[in-house]
Structure formats: C-alpha cells, structure tokens
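In order, the protein sequence lines correspond to chains A and B. Under this note's numbering, the first residue of the first sequence is numbered 800, with each subsequent residue one higher. Under this note's numbering, the first residue of the second sequence is numbered 800, with each subsequent residue one higher.
One or more hints might be untrue.
What the hints assert, rightly or not - Simulated restraints on C-beta separations:
| id | chain 1 | residue 1 | chain 2 | residue 2 | range |
| --- | --- | --- | --- | --- | --- |
| 1 | B | Asp809 | A | Asn1045 | 47 to 53 Å |
| 2 | B | Pro933 | A | Glu850 | 29 to 35 Å |
| 3 | B | Gly805 | A | Thr906 | 48 to 54 Å |
| 4 | B | Ser1016 | A | Asp809 | 39 to 45 Å |
| 5 | B | Pro1022 | A | Thr906 | 30 to 36 Å |
| 6 | A | Gly1047 | B | Gly984 | 38 to 44 Å |
| 7 | B | Gly984 | A | Leu1026 | 49 to 55 Å |
| 8 | A | Thr861 | B | Pro907 | 51 to 57 Å |
| 9 | A | Asn918 | B | Pro909 | 42 to 48 Å |
| 10 | A | Glu850 | B | Leu853 | 56 to 62 Å |
| 11 | A | Asp809 | B | Thr1021 | 45 to 51 Å |
Please keep in mind that the hints were generated in silico from the structure rather than gathered at the bench. These numbers were taken from a predicted model, which means no experiment stands behind them. All C-beta atoms, glycine included, are put in the ideal place defined by N, C-alpha and C.
Single-letter residue listing:
Protein chains: 2
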Amino acid sequence: MMLVNGKQSDTISAHDRGLLYGDGVFETIVIRNGKIDFFDQHLQRLAKGCESLLMPKPDIETIRQEVQSLCKGKTDQVLKIIITRGQSERGYQIPDNQQTTRIVELTPFPDYPSEYTTNGVSVMLCQHQLGINPALAGIKHLNRLEQVLARNELKNTDFTEGLMMDTNNHVIEGTMTNLFAVKAGKLITPDLSGCGVAGIMRAIVLELAEKNNIPCSIAKMTPADLLNSDEIFLTNSLIGIWPVKNIGEQKFKPGEITKKLKELTHQ
Amino acid sequence: MMLVNGKQSDTISAHDRGLLYGDGVFETIVIRNGKIDFFDQHLQRLAKGCESLLMPKPDIETIRQEVQSLCKGKTDQVLKIIITRGQSERGYQIPDNQQTTRIVELTPFPDYPSEYTTNGVSVMLCQHQLGINPALAGIKHLNRLEQVLARNELKNTDFTEGLMMDTNNHVIEGTMTNLFAVKAGKLITPDLSGCGVAGIMRAIVLELAEKNNIPCSIAKMTPADLLNSDEIFLTNSLIGIWPVKNIGEQKFKPGEITKKLKELTHQ
C-alpha cells in the first residue's frame, strides 16, 4: 500500500527529480507488533537529510498522519518514506519553488532466517568502493549506485552481506548495514565523515553503549583492523544486530559485548 | 511529449529503481533542423553505460523507432532518453530478470543567449566536489546529487556555469559541461578515470583535434593549471562549444584554437 503526496497511487511523474537525479532522501522503518520503531529518530534524520540537500523541511505532522492511517491494523511491516525534490524542468538547478514529492509505503517484513540474529551471518569484502564526498556523507539519499553494484558481488555466493571500503581503503559499512567491531572490550564503528549512511540503529547502539559504560569510539578502520577484532556485528533498523560469524574465510565468535547490546536492543 | 516503454505517458512506477536508487543512465541529445545530432554516438554511450551498470543491452532499434516517431515534423528540440533498471522489490540486489524502463522525451530547446557561443560565458569554481569512484566514472548515470548541489552555488550570481573539482582538488568538468584548456597551442582536457561524465561533444572535439593536427592530451589538471591557460572552453551536446571569458575575476580571451574547433563543429 502506497501513498504519493497523500493519495493512494503507485506512480510518480517521470519529471520527478527523484528519478532524474536521485534527488531526494529515504527512510526504512520497522513496524513490529503494530508499533513503529524509533519513529521520531527516523523523522529527525529525514528532516536533517532534506536540510543537507537544501530541500524544504518535510511536513512531519502530515507524514505521521499518513503513516498512522496506513499502519492501522498492521502488525509486522516495513515502512518506507521517500521525499524527493519534486518535479522540475530539465537541468540540475534547484527550482525556486520546490514542491517535494512524499511517498509513504508499507511492504511485508523481509523473511530473514532467525539464525542470522542468533548465530550470525557470513560477510565478504566487496571490490566496489564508496566515493568520498563529505557533503553527502551520512545522508540516506537516493544516489545508491555504489551499493547496487557492491550488493551484486554477493550474487551466487553464500554471503549475506558485503562490506564496503572507501577509495582510501578504509572499511566504512555494509551495503545495507552499519558496522561495529569490538577489540579488547572496546567498541569501534567507522567514521562516516567522508561517506556512508549514518544509520538509526548505529546511533541507538552508540547511545546504548555510552549509557551502559561500554567504551566506544568512532574511528577510521582498515581491513586489517577489522580482521584483528574480537567481535564484529552489523546493524540496521530492520535487522537490529547481526553478529558476523565470518569475513571471507576468517571466523569470528559472537562475544559478550555483541550479546549485551543485543539484549539492550531487546533482540 | 514522452513515451514510457513505448506508450504515451508521463508517469513511472514508484517502484522503479531509477527513483529508488538512481539506478539507470540517460542521454541528452540535440535535434537541429529536424536532424538528430550524433545519434549513433549517444546510442553507443547509452549501451556502454548500461553494460557498465550490468543492465541488459538497450533495444537500440526500438529506441530509434520511438525517437523517429516522436521527432516527426519537429525541428529544434532536446531529446532525452532514460534507461533505468526497472522495477524490483525493496533492496539493492539486482533482480535476476531485469525489465528495464525506457523513457524517451522531447522538450523545447533551451533559450541560451547566442553571445554565450560568440563571446563566451562567466564561470566560477564550485565548492562542492566530485567523489572519486572509477567504477562509475565517465558514465552518464542518474546519481547526480553532486551536480545538483554544485549547480545551486550559481544561484543569484552572474555565472553561467560552475566548474567542479574532485576530492583530490583536480579540476574535472562543469556541472553540465566538459572542460578544455589550451596552453601554448596544446589542447588539454581533464582525465575522467576517477569521476566525471565522458561527454559526446568532448569525444567529438578530441576526434576533431586529432584529425586536424591540434596536439591534445588528457591529463590531471589543478586549478592553477587551469588559470594559467591561454584559452578555455566548455562543451556539451546542447551548447556545442562555449568559450570561457572569465573564471571568477580572471579573464580569458577566446583564442585561435577555440575558434578553429568551433568552426570544425559548424558553430
């Protein structure tokens, strides 16, 4: 079920800048037992993304109402919200009078095996890299070709997720997840000041770590740093926390800190 | 007038990956006096872009027919062709059975003052940079947020175009044009192996230079190299060649090589 600017529809204008230039932002949100997970945080990030891309503030109250009306009677679903810069004439110039396009959609919850959460997932290091651009770093925008190409490297493999490096060979994130490592009792997650998506679950984990006195740092991370870790796990809003059981051939055990953070996020 | 997969329409599915991820390529082509400029070259680049993004080969014969039918009786128009990876379920994974979306559209020719061609344009150096990613370099894909943000720097200025550097501070191109400089009788255009769009008019100019014994190189270019040039000009399919009359405060004169190449491209 999908609403486009509040009306039931599954099409958009072919002049929408979301299509023409990937000119917009999106959120992927979990609805569990009829409750919208971290809705405020997602709405805040959506607003921040719009601001970074010089788009008008999204009408949060309208989004709330549309989401509530769509979710009525639903239990476990994925909610996707897209805000684009709307239609314009040909050309990159941002129009003076931006009329954003708002898409709100519910889709069934993906069918991930529960062992991904309990035993962990196999991941690989992708060849495709993330270009560095601080102006776009952290934003969940619609320019996602890098992830599309990296994700394709997993095709016909047994790997569940692929890790991406930036063009300076620092490990940044998974194609659809953020990355955490634990070394000597200390939590580390890659610095996203140059590229990557600043995930909501990443922020939640960082907050929980701080509240629970788990030492934590945001830092540059090489593949060697990562492979030298004691524990590794992935996060996103849909999956919560997935321990990593191996990167390529190298095995990892889900350890105490991963376990504790899973408990703290109620997994 | 617009055809979506051969049918008159101005909408696409909101599940189209062109919208969701900027997952596709496009061409902007000139129709002058009813003749399609460099049509074969554009179709070749479209096919090459699809190949680079692991999309199916576009059906060139169908595109030709659709373009011919749209163009009937038209004289001066801009033809835009977009090919996206089509619809898929949520997630970056490229679907096994890709059904691309084909959009063909005619719009009126933009109303550029003729003095841009004769006397040249004022350009500025943009703050927004191009991320480096060799896997996407050269392709005219739909991930264009960098250009959108850079283009916006021109707002409320008298500059006609903005030049963009990559994150290594090499000058790469304009937001909608390719860049050429002339120094001591030698033509230079920036290396696009890390980022940028390999424009059709850029290729035409390179070819004409070679045929006409104008020494030419593709090289890395710093802002200082650029400002030390004798002549500078911009190219794209719509504008042909625009001499640059100033970059910020620094003035340039349209010189002999710019003039010769303008003649050779029949401007």
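For each hint, the structure was consulted:
no.: 1; hint: B:Asp809 / A:Asn1045: 47 to 53 Å; verdict: holds, 49 Å
no.: 2; hint: B:Pro933 / A:Glu850: 29 to 35 Å; verdict: holds, 31 Å
no.: 3; hint: B:Gly805 / A:Thr906: 48 to 54 Å; verdict: violated, 29 Å
no.: 4; hint: B:Ser1016 / A:Asp809: 39 to 45 Å; verdict: violated, 51 Å
no.: 5; hint: B:Pro1022 / A:Thr906: 30 to 36 Å; verdict: violated, 47 Å
no.: 6; hint: A:Gly1047 / B:Gly984: 38 to 44 Å; verdict: violated, 53 Å
no.: 7; hint: B:Gly984 / A:Leu1026: 49 to 55 Å; verdict: holds, 53 Å
no.: 8; hint: A:Thr861 / B:Pro907: 51 to 57 Å; verdict: violated, 35 Å
no.: 9; hint: A:Asn918 / B:Pro909: 42 to 48 Å; verdict: violated, 58 Å
no.: 10; hint: A:Glu850 / B:Leu853: 56 to 62 Å; verdict: violated, 34 Å
no.: 11; hint: A:Asp809 / B:Thr1021: 45 to 51 Å; verdict: holds, 49 Å
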